[in-house]
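There are 2 protein chains.
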Amino acid sequence: MPTKYETLLEKIYEINDLNKALSVLSWDREVNMPPAGITGRVQQMTTLSRFTHELATTDELGELIEAAAAEIDGADYDSDEASLIRLVRRTYADARKLPPDFVARVSDVSGHAHHAWVAARANNDFAAYESWLAQIIELSQEMSDYYGYEDEKYDALLDKYETDMLTSEVRAIFDAVKAELVPLRQAIDEFGSPVDDSILHQSYEISKQQTFARYIANAIGYDFSRGHLGTVVHPFAISFSRDDCRITTRWNPDFLSPALFGTLHESGHAMYEQGTHSDLARTPLARGTSLGVHESQSRMMENVVGRSRGFWQTHFPMLKATFPENLNGATHKDFYRAINKVQPGFIRVEADELTYNFHIILRFELEQAMLNGELAAADVPAAWNDKMQALLGIVPPTDTLGCLQDVHWTRPMLGYFPTYALGNLYAAQFYETAVTQNPAIIDEMAQGRTDSLVAWLVENIHQHGKKYTPRELVQRVTGQPLDHAAFIRYATTKFSDIYGL
Amino acid sequence: MPTKYETLLEKIYEINDLNKALSVLSWDREVNMPPAGITGRVQQMTTLSRFTHELATTDELGELIEAAAAEIDGADYDSDEASLIRLVRRTYADARKLPPDFVARVSDVSGHAHHAWVAARANNDFAAYESWLAQIIELSQEMSDYYGYEDEKYDALLDKYETDMLTSEVRAIFDAVKAELVPLRQAIDEFGSPVDDSILHQSYEISKQQTFARYIANAIGYDFSRGHLGTVVHPFAISFSRDDCRITTRWNPDFLSPALFGTLHESGHAMYEQGTHSDLARTPLARGTSLGVHESQSRMMENVVGRSRGFWQTHFPMLKATFPENLNGATHKDFYRAINKVQPGFIRVEADELTYNFHIILRFELEQAMLNGELAAADVPAAWNDKMQALLGIVPPTDTLGCLQDVHWTRPMLGYFPTYALGNLYAAQFYETAVTQNPAIIDEMAQGRTDSLVAWLVENIHQHGKKYTPRELVQRVTGQPLDHAAFIRYATTKFSDIYGL
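Protein chains in written order, with this note's numbering: chain A, 86 to 586; chain B, 86 to 586.
So here's chain A without its partners, still in its complex pose (with noise of 0.2 Å):
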């Protein structure tokens, strides 16, 4: 006779399991289907979207919590037990406050929202998708409502991706950090020694790119054996168990940035993943605690390990290797100072490390005024114009390079966009702690090894999964909450340094 734990876990493998196979259904709808197979998946992830949800809001499935819970009472905080116990107590509270024709209807709009998305963006046509960025707006204010909130609209959508947060913490952490950074940008613009990037733009062989993508993606630690690097429009991270995390990049054949600071971005993500305890596997517990968190570890690798100093005196030559004809006459120092340009751009992804901050304030601003219904979807281009002059001092030409360049509003995730510059402060917090206690770090960050430092994320963050909230991990971890201090000393040290500051 299993006991109740034992009788939730078989439920929650299930669960976890349709979950992960709707996973590989977004995934190959990314990488492999040909656009014409649209309509069927939609059709096929509505259904088992449905599905699934049903099956993890039963009543019988909450009174199996419960009987569980009272059965493990007593069971230790830390505890595996425990940890699933707190994760599917919230998650199936909040499952529960999203009626099933909701998420179909989620399901529904967001497939055939992101294929008008890539046409609108490929043809610079927000006209064409205006329509669907207001249902999306329409179903997220749904859904904040279905969730609830205190204080702010906002606090709702935001909590589902960074459990515990508030935008007021957000909006106060936000206005330190642009308080911070707007006089070291300054300083650059005004006494910096210019840097010269053009090393970058030229062209690129894809075929070399692909080889060399999966030759740095080998040397920081991501595990092949257990992942794979697939082609897409908008490269992201994904994985279907511990044993299958996989990346996906760009290749862009004039400019080198997207490719290696893209993989290097999404193998931080995917080895956070293939760092969960194997005993976690199967549930829930065994991905990353949040999204800020999950980003810390994909900016750790592709900012404070891939645009380091060490990193390149190490790896350039065998870049150089690659591409003799583009590099021959450079050195890695040149190499160095080109990737960590400061320069304000129109796309997000390819920015720099001071000044993407200011793009996801830009956005963190609008999704909170579409939410509350003050910026309607046809109104977006002209405010996302004008947010960008008065942060970045620039205006796109197009929306391509505008408000159409991120996959984001294509689904109702606002509140996902601020969790990227949480992952900066959280990144620059936990690399402080790390070289703190193993100061042998900093000796292999010097000759481009990351071997310490993985072992020190895998020890202290990845093992753990999403047993605890990341309030509590950053606390653990770290021995504090989180604070911007640490970027803001990390960027001021760097960016003095490359500028002859």
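Read the hints as simulated data drawn from the structure, not as lab findings.
Take every hint as true, because none was put in to throw you off.
Any copy will do: because identical chains look the same in the list, a pair fits if it lies in one copy or spans two.
In silico DSSO-like pairs for lysine-lysine, Cα to Cα no more than 30 Å straight-line:
1) Lys426 / Lys263
2) Lys418 / Lys405
3) Lys418 / Lys579
4) Lys182 / Lys96
Starting from the known structure of chain A, arrange chain B on it as the hints suggest.
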């Protein structure tokens, strides 16, 4: 208020969606999944397959089918509605015969067996696969008992691939084929002018093979805008909707035929489902009617088209331009003779049109013995080799080249193999009818074009999907039951010419 038929249709759509989702997981497993991902994937597919099976076997569905059938009573036999009722009645009755636990066990064992087979085949280690094969045989025996049969255990399984076909009928047809083909093969051996196929066994760069494979698949009418070409160990075609019908190929660096004829073969399968009528979309009618008829479409493209003189007269210049270093000294006539060389070999999928049928008869006879308990898993390698000696006069030096070569016995799919040889017979019979009804096909074929042939196939076969049983279809299309005479005429004419008999 929806009608009963409309309500049934919604249920059928849902079940179809979940079955197609399973197909995506299965495709991904073969094409992209890292080997380490197998544990999670088996769990996902087992869970999804159990839910789908449950949904397809409820009492309510049975009642709904009968209520909908009563509602449309009197509908034309050829109507989509009457055809769907006939099909889902049959499928429902079959599905109810298999207990859910058994279905889950099949999925679980097959998932693991498949990966054990990949390793065993790579290492020529039958012993490592033996216990899995034993389980597959047991599952097949159980399955035939669940389905039930009148005359022979094998009938129960054969019916699932070739509806209404009896083992005794297949045996009679295969005996007749043997009686006719053995003298032809002997005549080739004794009196034929030797054919040199060394041109095919050279080093062919894989990336160029891939480019050329895409070229010929497109040339015969495979629609890449509704398709995708992937790389696998054992090629197959699969469809997720009529607008997403995929093919897969393997690439041999030292032998050109697998890529060329494998691609044409799988394209023929995929074109069948791309050609189903859009009114049948999202229902189980949007598939080939049986494996034998499906195989007739792949063999039509692989052999009748792809191994014809006219095809290579037209396309050999492009092949030569792709591989000048390999083919500069050769003419299209040399190539045509090389790809039609008759020679007993170990590998079924590389066999010529004549000896191919012996490979099938071997498997057909072994399968009956396994199913009837007359042949244990451990004795399969020896029995295989004995039959090879008797039928083809050769003995494979390894099990990798023998009983481990095919993927089929990683599932309880006994009864599947005979449909391959039936496909050759259907193909020849369909082609004779096609050229009688539209002689322009002959002229086009002489110029390497398939427009009229494909139009005829869509009109007479593809668009109907699974509306008619194979018995009904062949009678309707050719005015006669399945017969081996057309294939014998086709093969005798072609090979007498090539071998100067």
